[in-house]
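Chain by chain, the residues:
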Amino acid sequence: MTSLIDPLLKVSGLSCRYGKVTALRGVDMEVNTGELVTIVGANSAGKTTLLRTLSGVLPRYKGSVFFAGEDITKMPAHRRTELGICHVPEGRLMFSELSVADNIQLGAYAHRKDVSWLKKGSDDVYDLFPILKDKAADPAGTLSGGQQQMVAIGRALMGRPKLLLLDEPSMGLAPLLVADIFRVISQLNKDGMTCLMVEQNAKAALKIAQRGYVMETGAITLGASASDLLANEEVRKAYLGH
Amino acid sequence: MSDVLLQSLITGVTIGSAYALVGLGFAIIFNVSDVVNFAQGEFVMVGAMSAVSLLAVGVPFAVALFLALVIAVCIGLILEKFAIEPAKSATVVSTIIITIGASIFLRGLALLIWGKDFHSLPAFSGETPIHIGSATLTPQSMWVMGVTAVLVFLVHQFFNRTITGKALLACSANPIAASLIGIPVKRMMLFAYGLSALLGGAAGLLIAPIAFTSYDAGMMLGLKGFAAAILGGLGNPMGAVAGGVVLGVLESLGAGLISSGYKDAIAFIILLLVLFFKPQGFFGKAGEERV
Numbered sequence: 000m001t002s003l004i005d006p007l008l009k010v011s012g013l014s015c016r017y018g019k020v021t022a023l024r025g026v027d028m029e030v031n032t033g034e035l036v037t038i039v040g041a042n043s044a045g046k047t048t049l050l051r052t053l054s055g056v057l058p059r060y061k062g063s064v065f066f067a068g069e070d071i072t073k074m075p076a077h078r079r080t081e082l083g084i085c086h087v088p089e090g091r092l093m094f095s096e097l098s099v100a101d102n103i104q105l106g107a108y109a110h111r112k113d114v115s116w117l118k119k120g121s122d123d124v125y126d127l128f129p130i131l132k133d134k135a136a137d138p139a140g141t142l143s144g145g146q147q148q149m150v151a152i153g154r155a156l157m158g159r160p161k162l163l164l165l166d167e168p169s170m171g172l173a174p175l176l177v178a179d180i181f182r183v184i185s186q187l188n189k190d191g192m193t194c195l196m197v198e199q200n201a202k203a204a205l206k207i208a209q210r211g212y213v214m215e216t217g218a219i220t221l222g223a224s225a226s227d228l229l230a231n232e233e234v235r236k237a238y239l240g241h
Numbered sequence: 000m001s002d003v004l005l006q007s008l009i010t011g012v013t014i015g016s017a018y019a020l021v022g023l024g025f026a027i028i029f030n031v032s033d034v035v036n037f038a039q040g041e042f043v044m045v046g047a048m049s050a051v052s053l054l055a056v057g058v059p060f061a062v063a064l065f066l067a068l069v070i071a072v073c074i075g076l077i078l079e080k081f082a083i084e085p086a087k088s089a090t091v092v093s094t095i096i097i098t099i100g101a102s103i104f105l106r107g108l109a110l111l112i113w114g115k116d117f118h119s120l121p122a123f124s125g126e127t128p129i130h131i132g133s134a135t136l137t138p139q140s141m142w143v144m145g146v147t148a149v150l151v152f153l154v155h156q157f158f159n160r161t162i163t164g165k166a167l168l169a170c171s172a173n174p175i176a177a178s179l180i181g182i183p184v185k186r187m188m189l190f191a192y193g194l195s196a197l198l199g200g201a202a203g204l205l206i207a208p209i210a211f212t213s214y215d216a217g218m219m220l221g222l223k224g225f226a227a228a229i230l231g232g233l234g235n236p237m238g239a240v241a242g243g244v245v246l247g248v249l250e251s252l253g254a255g256l257i258s259s260g261y262k263d264a265i266a267f268i269i270l271l272l273v274l275f276f277k278p279q280g281f282f283g284k285a286g287e288e289r290v
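Line by line, the protein sequences are chains S and Z. Numbering that gives the first Met the number 0 numbers the first residue of the first sequence as 0 and each following residue consecutively. Numbering that gives the first Met the number 0 numbers the first residue of the second sequence as 0 and each following residue consecutively.
Errors might be hidden in some of the hints.
Claimed, not checked - Facing chain Z, from chain S, some residues (calculated, C-beta under 10 Å):
1. S54
2. G55
3. I71
4. K73
5. H77
6. F94
7. D101
8. N102
9. L105
10. A107
11. R111
12. K132
13. A136
14. G140
Unchecked claim - With the Cβ distance kept under 10 Å, some of the chain Z side facing chain S (calculated, not the full set):
15. I131
16. T135
17. P138
18. M141
19. A169
20. N173
21. A176
22. A177
23. S178
24. I180
25. G181
26. K185
Think of the hints as simulated: they come from the structure by calculation, not from any bench. We treat Cβ as the ideally placed atom computed from N, Cα and C, and that holds for glycine.
Only chain S is shown next, with the shape it has when bound in the complex (with noise of 0.2 Å):
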């Protein structure tokens, strides 16, 4: 059934709901291979929400996700891992006790067995950030913030994704810091990642992206090109300050 046009996730009606409260409407969104798309929207529109039932840690109430053409829809988070959708934590959720190096070799997990890759792995992302080798040995939970998002995207990179979920990556980082982790995300995408990130920090997201989608209470309410997104009236007053 996979054919090269099918988009590499392709999400329909999905529902989900915390007890009684819904807080993913319908959600119709697909991301193509290659792509970076992104998602902006308000505090508590549902964007989380929508990464974490795509990962499968949480579950979803109504509606389907297909990945590279098979339904993921009701399996569970760690066969999602396997398949390669890697997913960067809101608030970077480090394995704070464990060590810079053990927290980038655990991402590795799903690919435990393939001894050449962890090696390989971690180089690769030492080469990326090469500010951790030097911290290797630290308990992650003592880093900065910045560093701890490095450490995050790296744990990330190591799962090999074919998808890569980005919740906010640059949330609570001085500006600096926000450039340097938005040109690393749009490097990996230059060199045929396909991600899938969620940012308040609008305009910056949109300009590394190729595509963009608007939630709000829970909902797509746009999805265009990212420079449509940047030029259009309401978008720049709701989201972009201006």
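With chain S's structure known, arrange chain Z on it following the hints.
Frame of chain S; chain Z shown alone:
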């Protein structure tokens, strides 16, 4: 006087090794789930009592020990699968209460199966003691200390050198992040209970030739192991081991120098003192982290 000290030390390290294994089991489950598993002592009892029964029906000694360990591990897995996992949305305190319930249930079951009689296992390799001065060291004491040392070493290597061991730690550090990188958190919980039960069962087998075992032997050993884990700092596996040995020695010194009537009281006085004055234990990590 020094002979009394030496003898107390030998006895203390021996019994302390059993506390160490039980404490290690507490620390492992606490590490993975923040839950104190009060059924830990029951693993000890199940291991020892199963071996007694297997020997009684004529199973060869080594096979009986092995099967007893398998039974203890199965009890651990069953406990997790049918009592802990179904209550996955319960709070930590509720889960702890579930483990207390499970321990009472297992004790009741043991009473039905084995009755109230006291049992003992034969020593693993004879009874001829080694004399050190006027103190004696029995072969079984050496078995207890030696096997404990090997098990502790293996557990330490497992948590520090293998990706599965680290994945287990990751589940406790951050279960959501652990799921996101593909660690099957549920299966890891099952594994932790199995491992704890294995250590508890081993403690039961090792100590049964020295101390009598009965359907309720797990309660006191469980509490002592808990005291060991608290003494070492809950959640620090090697701390629990050190705590167990220290507790065993203090208990045995107290019995030798003061009165054996206070033997059990000493463990709990120490537990209370630690909880009052140093609740994070002697090797516990300070509860601060950068977020």
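Each hint, compared with the structure:
Interface restraint check: S/S54 against chain Z, minimum CB-CB distance 6 Å, threshold 10 Å, status holds. This hint holds: S/G55 has a C-beta 8 Å from the nearest C-beta of chain Z, less than the 10 Å allowed. Hint status for S/I71 relative to chain Z: violated, with the closest Cβ pair at about 14 Å, above 10 Å. At about 15 Å, the closest approach between the beta carbon of S/K73 and any beta carbon in chain Z exceeds 10 Å, and the interface hint on this residue is violated.
Taken as an interface hint, S/H77 checks out: its beta carbon lies about 4 Å from the nearest beta carbon of chain Z, inside 10 Å. Interface restraint check for S/F94: the shortest CB-CB distance to chain Z comes to about 4 Å, inside 10 Å, so the restraint holds. A distance limit of 10 Å between C-beta atoms decides the matter here; for S/D101 the minimum to chain Z is near 5 Å, and the interface restraint holds. Restraint check, S/N102 versus chain Z: the minimum CB separation of about 8 Å is within 10 Å; hint holds.
With a least beta-carbon distance of about 5 Å to chain Z, the hint placing S/L105 at the interface is held under the 10 Å criterion. A least Cβ separation of about 8 Å between S/A107 and chain Z falls short of the 10 Å threshold, and the interface hint therefore holds. A least Cβ separation of about 5 Å between S/R111 and chain Z falls short of the 10 Å threshold, and the interface hint therefore holds. Interface restraint check: S/K132 against chain Z, minimum CB-CB distance 19 Å, threshold 10 Å, status violated.
For S/A136, the shortest C-beta to C-beta distance to chain Z is roughly 13 Å, which exceeds 10 Å, and the interface hint is violated. Below 10 Å, beta-carbon pairs count as interface contacts, and S/G140 has one with chain Z at about 4 Å; its hint therefore holds. Of the supplied interface hints, the one on Z/I131 is violated, with its beta-carbon coming no nearer than about 41 Å to a beta-carbon of chain S, more than 10 Å. Checking Z/T135 against chain S: minimum C-beta separation of about 43 Å lies over 10 Å; hint violated.
Contact between Z/P138 and chain S, as hinted, is not supported at the beta carbon level, the nearest pair being about 40 Å apart and thus beyond 10 Å. Given hint, Z/M141 at the interface with chain S, is violated; its Cβ is 36 Å from that chain's nearest Cβ, farther than 10 Å. Satisfaction of the interface hint for Z/A169 is found here, the shortest Cβ-Cβ separation to chain S being roughly 5 Å, below the 10 Å cut-off. A hinted interface residue such as Z/N173 counts as satisfied when its beta carbon comes closer than 10 Å to some beta carbon of chain S; here the least separation is about 5 Å, so the hint holds.
The interface hint given for Z/A176 holds, since its Cβ lies 4 Å from the closest Cβ of chain S, which is under the 10 Å cut-off. The restraint placing Z/A177 at the interface with chain S holds, with a minimum CB-CB distance near 8 Å, inside the 10 Å limit. Because the smallest distance between the Cβ of Z/S178 and any Cβ of chain S comes to about 4 Å, under 10 Å, the interface hint for this residue holds. With a cut of 10 Å, the hint placing Z/I180 at the interface with chain S holds, because the nearest CB-to-CB distance is about 5 Å.
For Z/G181, the interface hint holds, the least distance from its beta-carbon to any beta-carbon of chain S being 3 Å, beneath 10 Å. Here the hint on Z/K185 is kept, as its CB sits about 9 Å from the closest CB of chain S, short of 10 Å.
Violated hints, listed in ascending order, are 3, 4, 12, 13, 15, 16, 17 and 18; each of the other numbered hints is respected by the structure.
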